[in-house]
Amino acid sequence: MSLRASVSCQELVELASDYLDGTLPPRLSRAVDRHLATCADCPTYVDQLRETVRLLGALRISDVPTDLLDVLERAWTEARDGNR
Amino acid sequence: MTVGERSPVELVCQDLVALLTDYLEGSCDATTTQLLDSHLDGCPDCREYVAQMKAMIEQVGYVPLETLSPGTQQSLVEAFRDFHQSPRPTAP
Amino acid sequence: MDHDLVDPPLLSMPDAELLSRLRDGDEGAFEHIVTAWSPMMLRMARSFVSTQPSAEEVVQDTWLAVIRGLDAFEGRSLLRTWVLGILHNIARTRGAREARSVPWSSIAGDEESALDPSRFEAPGGPWARHWTDDGAPRPWQPSPDALVIASEIRRLLATALARLPEQQRTVVSMRDVSGLSSDEVCDALGITAANQRVLLHRGRTKLRAELEHYYHGHDSRGG
Chain A
252 MSLRASVSCQ ELVELASDYL DGTLPPRLSR AVDRHLATCA DCPTYVDQLR
302 ETVRLLGALR ISDVPTDLLD VLERAWTEAR DGNR
Chain B
51 MTVGERSPVE LVCQDLVALL TDYLEGSCDA TTTQLLDSHL DGCPDCREYV
101 AQMKAMIEQV GYVPLETLSP GTQQSLVEAF RDFHQSPRPT AP
Chain C
10 MDHDLVDPPL LSMPDAELLS RLRDGDEGAF EHIVTAWSPM MLRMARSFVS
60 TQPSAEEVVQ DTWLAVIRGL DAFEGRSLLR TWVLGILHNI ARTRGAREAR
110 SVPWSSIAGD EESALDPSRF EAPGGPWARH WTDDGAPRPW QPSPDALVIA
160 SEIRRLLATA LARLPEQQRT VVSMRDVSGL SSDEVCDALG ITAANQRVLL
210 HRGRTKLRAE LEHYYHGHDS RGG
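Chains as they are written, first to last, in my numbering: chain A, 252 to 335; chain B, 51 to 142; chain C, 10 to 232.
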């Protein structure tokens, strides 16, 4: 297996929706698993995204309007960068 | 950890068997440990049971566990090598 | 007793030194911990996911995450503890995705005693709850050939270990085969000390009963 199958935090944010929906190809899904297992920050992002979807009711994440996703992503990025 | 609602005057064979794991770990409280010690002093059957349990634990330590295949192991070492040889990305 | 984990001199070196060698790209150090820890990690992974190939992928993914994450590891715990934490994380996620039927959160309580209660005198009499004459353990006579018996016993125990219920098998393997401490096992598996104790106790009691059956053909129902 190659280390090319690794994701950065930035890539993870792009993939998070599909990851939560279980629609990522297995190799990518595992790369996300690996990243989450050692990253201090991304698990929080994924949890918050998951919680957001839960609060929005029985929607799948693909139902969440993209502009709302963009807002969340920006807020998250700013919060994370502000904490550094 | 004691057996029963009130402090027993003695602990007997069935108690020893139930508490043996804790007893061997040293995690019983002082009273229980003392009661088990005195029971063992007078009970060759229980001494035999304890000896057998210890023998089993010692032998099971030698049981081989399944390993990763050599190919998998090798590719992990290669991944380690690649990571340390290639220029490292700075921020994630 | 750390049969799998301790392999002098490398793993007897202080964690800080091991860490520094790994960060320097010392392949020998990496290969050594992969060899030493992967068997235990496989066993642990297998208790979270539904197939052996899945378990192997979990262990692979753990090592890949370790390779990348080593720089950021702050050394506040033992390296082994950190590696097992990553494994736990990945195994749990994978297990949830595979909808494994028996999660670690559901551990059977003490519904039955680990050893057949009929081996003890009934409550109420003068010898209440002592061994019965038939139930008392009889000494295990070793065979004249000590080498033969040791490998025979170990083969028997290996089979018996493989037949234990999954969670008992994992705890006994991690504690008695791999030599982890009670605390380490609880942390790694995400279970309480009480749960760990129940599983270890049941597993060991069954294994002893298997050996007893081998030596004496003793009926150890309930063991």
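Heads up, some of the hints might be wrong.
Derived, one-sided and incomplete: chain B residues facing chain C with beta-carbon distance under 7 Å [to be verified]:
{"hint": "1", "residue": "V100"}
{"hint": "2", "residue": "V110"}
{"hint": "3", "residue": "R131"}
{"hint": "4", "residue": "D132"}
{"hint": "5", "residue": "F133"}
Simulated DEER-style distance windows between Cβ atoms [as the list claims (entries may be wrong)]:
{"hint": "6", "chain 1": "A", "residue 1": "P277", "chain 2": "C", "residue 2": "P126", "range": "25 to 31 Å"}
{"hint": "7", "chain 1": "B", "residue 1": "T83", "chain 2": "A", "residue 2": "P277", "range": "28 to 34 Å"}
{"hint": "8", "chain 1": "A", "residue 1": "G273", "chain 2": "C", "residue 2": "S127", "range": "20 to 26 Å"}
Calculated from the structure, these hints are not laboratory results.
Each residue gets a CB set at the ideal place from its N, CA and C atoms; glycine is no exception.
Tested hints:
At its closest, the beta carbon of V100 (chain B) sits 9 Å from a beta carbon of chain C; the interface hint therefore is violated under the 7 Å criterion. Against a cut-off of 7 Å between C-beta atoms, the interface hint on V110 (chain B) holds, since the closest Cβ of chain C lies about 5 Å away. The beta carbon of R131 (chain B) is positioned within 7 Å of a beta carbon in chain C (closest approach about 6 Å), and the interface hint is therefore held. The criterion of a C-beta within 7 Å of any C-beta in chain C is not met by D132 (chain B), whose closest approach is roughly 9 Å, and the hint is violated.
Interface restraint check for F133 (chain B): the shortest CB-CB distance to chain C comes to about 5 Å, inside 7 Å, so the restraint holds. Between P277 (chain A) and P126 (chain C) the C-beta distance comes to about 49 Å, which lies outside the given range of 25 to 31 Å. For the hinted restraint 28 to 34 Å between T83 (chain B) and P277 (chain A), the CB-CB distance of approximately 52 Å leaves it violated. Roughly 50 Å separates the CB atoms of G273 (chain A) and S127 (chain C), a value that falls outside the hinted 20 to 26 Å.
In this structure, the earlier hints numbered 1, 4, 6, 7, 8 are contradicted, and the remaining ones agree with it.
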